[in-house]
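Enquirer: Using the hints, put the two standalone chains together into the complex.
Those protein sequence lines, which keep their order, are chains A and B.
Residues are numbered in the numbering used here as their position in the first sequence, beginning at 1, plus a constant of 1.
Residues are numbered in the numbering used here as their position in the second sequence, beginning at 1, plus a constant of 1.
It is worth saying that the hints were derived from the structure and are not from the lab.
All of these numbers come straight from a predicted model, not from anything done at the bench.
Check each hint, because a few of them may be wrong.
Stated by the list, open to error - Using 30 Å as the maximum straight-line C-alpha spacing, the simulated DSBU-like pairs for lysine-lysine come out as follows:
| id | chain 1 | residue 1 | chain 2 | residue 2 |
| --- | --- | --- | --- | --- |
| 1 | A | K51 | B | K195 |
| 2 | B | K163 | A | K329 |
| 3 | B | K30 | A | K384 |
| 4 | B | K335 | A | K205 |
| 5 | A | K51 | B | K430 |
| 6 | A | K313 | A | K143 |
| 7 | B | K295 | A | K325 |
| 8 | B | K71 | B | K21 |
| 9 | B | K406 | B | K459 |
| 10 | B | K235 | B | K295 |
| 11 | B | K235 | B | K335 |
| 12 | A | K249 | A | K279 |
| 13 | B | K70 | A | K143 |
| 14 | A | K515 | B | K235 |
| 15 | B | K56 | A | K105 |
| 16 | A | K249 | B | K30 |
| 17 | A | K105 | B | K70 |
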Amino acid sequence: MTLPVAKKPTLRRFQQAKWDEPIIFELSKKGERGVLVSEIEPNILNSVSKELPAEVRREVPPALPELGQMRVLKHFLRLSQENLGADLNVDIGQGTCTMKYSPKINDQIIRREELYDLHPLQDPETAQGALQIIWEMQELLKEISGLDAVSLQTSSGSSAIWSNIATIRAYFADIGEGETRDEVITTIFSHPSNAAAAKTAGYKVITLHPGEKGYPTLEQYKSVISNRTAALLITNPEDTGIFNPEIKEIVDLFHSYGALASYDQANANGILGITRAKEAGFDLCHFNLHKTFSTPHACGGPGGGASCVTKKLEKYLPKPHVIKNQNKFLIEEDLPLSIGKVSPFYGVLPNIVRAYAWIMSLGGEGLREVAEGAVLNNNYLLKNILEIPGASAPYTNQHPRIEQVRYSWNELYEKTGITSEEIGLRVLDYGMHYWTSHHPFIVPQPFTLEPTESYSREELDEYINVLRSVATEARENPTMVKTAPHNQVVHQTEHADLDDPARWAITWRAYLRKYPEVKERMRNVK
Amino acid sequence: MSFPNSTHPYIPNSDPETKKSMLDFLGVKTVDDLYSAIPSALRVEGTLQLPSAFKDEQSLAKHVISILKKNTPQSSRVSFLGAGTYNHYVPAVVDEVINRSEFLTAYAGDPYEDHGRFQALFEYESLMAELVNMDVVNVPTYDGMQAAATSLAMAQRITRRKKILVVTEINPDKFSKVSNYNQTRLEFVNIPTKDMQPDTNAIKNELNSEVAAIWLDTPNYFGTLCANIEQLAKMAHQNGSLLVVGVDPISLGVLQSPAECGADIINGDIQSLGIHSWFGGGHGGFIAVNDDPKFVMELPSRLFGLESTAVPGEYGFGDVAYERTSFALREEGKEWVGTAAALWGIAAAVFLSLMGPRGMVDIGETIIARTRYAMQKLGEISGLNVLNSPLQFREFVIDLTLSGKSALDVINQCRSRNIEPGVRISDSKILVCVTEMNSETDINNLHDALIEIIGGRK
Chain A
2 MTLPVAKKPT LRRFQQAKWD EPIIFELSKK GERGVLVSEI EPNILNSVSK
52 ELPAEVRREV PPALPELGQM RVLKHFLRLS QENLGADLNV DIGQGTCTMK
102 YSPKINDQII RREELYDLHP LQDPETAQGA LQIIWEMQEL LKEISGLDAV
152 SLQTSSGSSA IWSNIATIRA YFADIGEGET RDEVITTIFS HPSNAAAAKT
202 AGYKVITLHP GEKGYPTLEQ YKSVISNRTA ALLITNPEDT GIFNPEIKEI
252 VDLFHSYGAL ASYDQANANG ILGITRAKEA GFDLCHFNLH KTFSTPHACG
302 GPGGGASCVT KKLEKYLPKP HVIKNQNKFL IEEDLPLSIG KVSPFYGVLP
352 NIVRAYAWIM SLGGEGLREV AEGAVLNNNY LLKNILEIPG ASAPYTNQHP
402 RIEQVRYSWN ELYEKTGITS EEIGLRVLDY GMHYWTSHHP FIVPQPFTLE
452 PTESYSREEL DEYINVLRSV ATEARENPTM VKTAPHNQVV HQTEHADLDD
502 PARWAITWRA YLRKYPEVKE RMRNVK
Chain B
2 MSFPNSTHPY IPNSDPETKK SMLDFLGVKT VDDLYSAIPS ALRVEGTLQL
52 PSAFKDEQSL AKHVISILKK NTPQSSRVSF LGAGTYNHYV PAVVDEVINR
102 SEFLTAYAGD PYEDHGRFQA LFEYESLMAE LVNMDVVNVP TYDGMQAAAT
152 SLAMAQRITR RKKILVVTEI NPDKFSKVSN YNQTRLEFVN IPTKDMQPDT
202 NAIKNELNSE VAAIWLDTPN YFGTLCANIE QLAKMAHQNG SLLVVGVDPI
252 SLGVLQSPAE CGADIINGDI QSLGIHSWFG GGHGGFIAVN DDPKFVMELP
302 SRLFGLESTA VPGEYGFGDV AYERTSFALR EEGKEWVGTA AALWGIAAAV
352 FLSLMGPRGM VDIGETIIAR TRYAMQKLGE ISGLNVLNSP LQFREFVIDL
402 TLSGKSALDV INQCRSRNIE PGVRISDSKI LVCVTEMNSE TDINNLHDAL
452 IEIIGGRK
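With the rest of the complex left out, here is chain B (with noise of 0.2 Å):
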């Protein structure tokens, strides 16, 4: 008895007997000859000129491995580093629940052999609404970034008006990505804050019948958040434009959900909320507006509603107001809509459940209690100035000028004491970031290395 040895275990019918038995079915002597439709100028000559296969498990798991072996994870350093992906603890049940097959592997199905999908996507939705205060969040998008963009394409829809007023700083990435998705239909007018807060006098000089939305994020680009969100909403709303706020959800247990102060749509990144950071390759965005058609209509998304079905006391589920979609309506539909997601949505969904109110509370208090020791400790350090307010919520910014010392040479020379202090934003100005994974070991740690560093005590 004989084994061929050409047989790959993720192909089955390459092995030669099975071949040759499907080839006879068909009537033809080689697969070559099911190619017939593609001339042979368009053939590849030979074979793609790849490196050798690992063929058998034991030798790729090895080789990839030892790639990945050269990279340091953030658990062996101390990382303050954010500005866009966070280090947040994630729960070990969200990672049991994401990696099960079942859900891993699942894709398009119907609402009934599908059902979990569908369940564990609308209680994502309904969770992330207990968390904004409002009644309509979308399945994820694929990041906050485009959440943003696809939030003021939306504003530029409903109000029929092109202008975007930028009001608070604005992560510089998401600023690219937003601009670029919008540049045939958004113009975007910045206008700087004033005292770390929105300028209500400069922008109250630029609302007129062409802004559509007054944008800001909270917490902002540098960890600040916004204490005026009432009195944008009402100025926007009386200039008939909208208020399009982006939050990060993780903090909302302990920050009033901008929905209560008027804003018209809520986007985010969900990151935050049980997914790992992955190189920055773990995001998904949100979106969320009020139960009102105006506004419900122009999501992009899919949103999986309740269903009743034949049978009492049983849920169905299915794709409310699908004629919205790309799916159905091709370049008339909203946007685009696709795969996404959907996981990361389940993630922050056993994520929120684990977490309950108390929760979402707590870690809040801790990200505060934690961010102002630092902002505090820091401060202590002669040559560096925090830009400190009551308002910071995660990040905020250190200031190195009066030092002498270039940010890039501090960042530096922390990196050989193995701390990643923060995200270089300017030649003297770095963005720090604590979660809960930072300890008050690890502040004052960062604390003493700076003052090696820059200096002594103030």
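Bound-form chain A, shown alone (with noise of 0.2 Å):
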């Protein structure tokens, strides 16, 4: 073949990084150190022990594998590539995440010795860069949300909604309503971890079905309702992307009862400087710092949970407050209504100063422009998809979308008998992510993408055209999608083992104890 190159194909010729690298264990090789630790001084050795007394010290080392520098660097260099992460696909599929750009100044900005190697309890005087930005970034949220008072400490979303919980729970408590007011009224497409916080918080849950419009009406609510409600939990837009146009209703229903409301953010991207939990009158909301405000989402954590309330419940927020006062920054311990520490010091400082760094980089404008171009793409996918046959976006279509769709391959099923987990199995094929974790499942052969503002037009299209190249796939060569993934780093996994305590293996050794015959195999090569 000579010059010129031929024109590429429509679709991606993909294939994963598969390296085969065994289990670490497997490759150690005794004697080998991957690094060295500092000496114990001549003169300290004269003068103590080094060893613990008899009743408490470890006889035999831990059985670690013992590997040399180079070879763990590889080893989990390998591991790295056999991911997907955002840097390198079109990462829309994974909706409800907000797979966006973080941006990689950002990353070089925090890895600094006066970031990284700053410890929580030192002079204050010397941490006044760290503790500024979280002030500024505490001031900024409070603009964001429109709420009075914003605390850090969260490394989570799911962690912040718990933190709005227990607030919750202090302020009834407080008012000498803790033991009345035991329920909490949710919708099943708000995030789950709000159920899932308010029942170890002690609440009773009472959750909410969509009517055909894609939400609860204003009449559900008030079936349910009552003086022993505490809160509302709920997610707007929630993970359909419809936004409830009654949500103050709602919220004003609530408050005539005596109840909070408290807005789950999670889904804040597409609705940035548009309207806030201020403007619907809620009590609480949280941000996820990993979502809509950059920070990466690091294999799932850290990230970093943002919780806003009104000036009332200022008071039970978690310990310590950072204020400012005459340009010094200083840290307020003395709060005796505060529902304590849910999570050690200040939250995660890295991405506290990743996501300050974002919004700097955007302001205002910058913000709306965000919120702005995630709709765009959001309602440029959705009437792309529709187009796909087999395709559908369940609940009514009165309004465009705001951030994300949960759409459905149900007619595509019901022609084919190809679901929407096989389907996603095949995305992988080309490069790009396919979500099938769609709790909870209510719309059949769910889907969901979220396009964030961060990907082209043209890189809209190639997921599009993906997607529509396996939806053929599945009328035409059904077996090719059935016994996908084919360019992965693996191969379709044989999932009984993992709901049997007999054969399940979580670790190395018990996989070893379990399955003797690897353990004769790994003596026999030693």
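Expert: Pasting the structure below:
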């Protein structure tokens, strides 16, 4: 073949890295060292013993693998390549997760000794920069939420939901209604952590299901609310991308019963600067720094949570609070009504700084541009997806959706027997994610796409083309779909061993214990 | 040719021409038309009142770094601060791995295209399991405080009892979290230590059919290791209760795992294992149990397990017993699960792989020797009393009562000498932390400073 190179096909010929890397214990070679430890000075060794008393001493060192440094590095770098980070794919298939761009400059900024080498209990005079960014970030989120006080202590969205529920519980205990208010009301399309954290806090959970518009009606709320209701826990727009326009009336209803309203703003990306917790009258809300505010998702954390509340709830927020007094940033610990510590110290500082830098790179107009970009991309995607035979977007389409859509392949499934999960495994062959965890499964054969503002029209087209192609394949060559993935790190896995206590293997040592033939094999190799 | 300056580098479709073509495709005039679901009464008027943006990367970096430069890192002082966040060495390979885009920006993909993340976290579970000598370790939860809170909630669910006997000193921040978290399901009975160890006689008196668990930390808040875990395990088990033990995994190269003494649930924080201090923002929590469904099914966290695939010799991974979780069952699941601290778990996996068995023994011995040397040196100072025991690991308490000086005063005077002597835990007591980062010279400097500040040698 001579130049020129032929035109590329429409669909990317992707092959995921496949290193076939053993489990690290299998790489162990007795005597190798990965890193050495600072040696004890001779004078110290002459003065004191380095051994623990016999009653607590470990006699046999832990059976960790022994590897040289480069082999450890290589092992984990190979594993790193066997992931599709947001930096590598058109990451719109993990709907609800807001897989936007995490700017590299923010990663670079945080990798400084002046941040990673700070101790939380060092002299606050020597940590004014850290305290300043925490305080500034609180101020930014006050304006973004419209509420009066912010805590950045929690390390994830669910943890912030917990913090808000604990705040609600503390408020009612303080006003003497802690015993009588024992119920919360949420919706089935609000994140399951709302229901689960409320239950953990001791509340009975009432869950409303959507009507034909995709959300529960005001009447449904009226039918379950009472003087036992402590709070509303709701996402809006929910994971369907449908905004509930009656939200203010719902919040007012809760207030008329003396209950509080808490807004899960994990889905805030499409409404930044458009509408806020304040406008709908919410008492509390939370944001995820790792979704809306761009901090990297880090394989599942650390993220960052921001709990925002009105003035009357400020005193219950986790402590300490970071305050400003005459250009000094101070730590306020004397807060007797606070729910105390929800997480260590001040929260996930690297992510607070990243999120601060992200907001400061955009400003008020920029945040609105983010929201508008996310909504534009989403509706562009929606119109294109609905043109794919077999795909639909359940619930009313009287208004455009906000930042994401929960779609359905039910029509395709009924014609071909191919499930959404099977389609997902085939999509992986093109180097794209397709999330299969759509709790709750009330939309049949669901898939959820959230394009955020980060992807260009061309990249959205690439994803659409992949879905269209796989849907066609489902009709014309279903075996190809059913046996996918073909170009991935590994092939279809056998799930049966994951739910049987006698067979599951959560650690290497449990695997060796349960499957002696493997242990025998390892012994023979050595 | 014109280049619009309104296009933000993070928002490709903010280019006016692209935007217009997409709006045309949708058949609407402005983006505002896409917000028709949001009633006008709920709309923000005007633009959010935020500081003006640093749109170019250069100005942004300059601004943020100028703020960060107001901080003084531990490396430019002599620091003996601990009490929850610890100053340990982080090998370069750890940061190299966790800063990779592929790990840093991955999230919730399936075990096919995110195979590497599943394997790395399975290896994390497995490496931790060797340290604690138990067969089950969770994918990290938020932090050690959460791990303790959940361990005790598990004890309540397993025993259907509600009392927790707290038999060692617990870090007050951790206790705040644990008690608030469990306030509707648990009661805590504090049993003060006797001669720095759990008071078995007092514990015996409190053990009854309401006790879900005996709870201790080793090392405890004051850095003291517990010497009679086996006895406490027996007492708990004879009473139908559990023994829940908090540890710092950095100690487990030299410290016998509480599992060998009969502990039922072991928990702790992994920050010591290759995660920087981050102003207290670098924490992850682990919970370890035996491979018994009665315990495993009560864990809220994800558990990544091995699977076979269609190809011989290929490892697959998946979620073990997913139906326990709040993802599957909402409020009927065990507490909840979500984004937590996975990347820190990978950091800990890299750290433990680098250290190996010999490295974990070495670091334990270095910490013990330097801690003892510091206790010995500070013990020479008149007016200063070291609460000394052969069972101190990394931390110990100094009492300044006899010096007539307050802890605050001594700390301030040390700070003016560029030393952080430790954490004030009462008006007269300071908790001193010594890690492998504190050299003999650092310890001698602290000793010399304290002699100057509070008096001469004994």
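Enquirer: Would you mind marking each hint as holding or not holding in the structure?
Expert: Evaluation of the provided hints:
1. A:K51 <-> B:K195: Holds, at about 25 Å.
2. B:K163 <-> A:K329: Violated: K163 of chain B and K329 of chain A sit about 45 Å apart, past 30 Å.
3. B:K30 <-> A:K384: 16 Å, holds
4. B:K335 <-> A:K205: Cα-Cα ~15 Å, so holds.
5. A:K51 <-> B:K430: With Cα atoms ~26 Å apart, K51 of chain A and K430 of chain B stay inside 30 Å; holds.
6. A:K313 <-> A:K143: Satisfied, since the Cα-Cα distance of roughly 14 Å is no more than 30 Å.
7. B:K295 <-> A:K325: 50 Å, violated
8. B:K71 <-> B:K21: With Cα atoms ~45 Å apart, K71 of chain B and K21 of chain B exceed 30 Å; violated.
9. B:K406 <-> B:K459: Holds, at roughly 16 Å.
10. B:K235 <-> B:K295: Judged against 30 Å, a Cα distance of about 19 Å means the pair holds.
11. B:K235 <-> B:K335: 28 Å, holds
12. A:K249 <-> A:K279: It holds: about 10 Å lies between the C-alpha atoms, which stays within 30 Å.
13. B:K70 <-> A:K143: With Cα atoms ~25 Å apart, K70 of chain B and K143 of chain A stay inside 30 Å; holds.
14. A:K515 <-> B:K235: 28 Å, holds
15. B:K56 <-> A:K105: Distance ~14 Å between K56 of chain B and K105 of chain A Cα, so the pair holds.
16. A:K249 <-> B:K30: 28 Å, holds
17. A:K105 <-> B:K70: Given pair K105 of chain A, K70 of chain B holds - Cα atoms ~20 Å apart, limit 30 Å.
Comparing the model with each earlier hint shows violations of hints 2, 7, 8; every other hint is respected.
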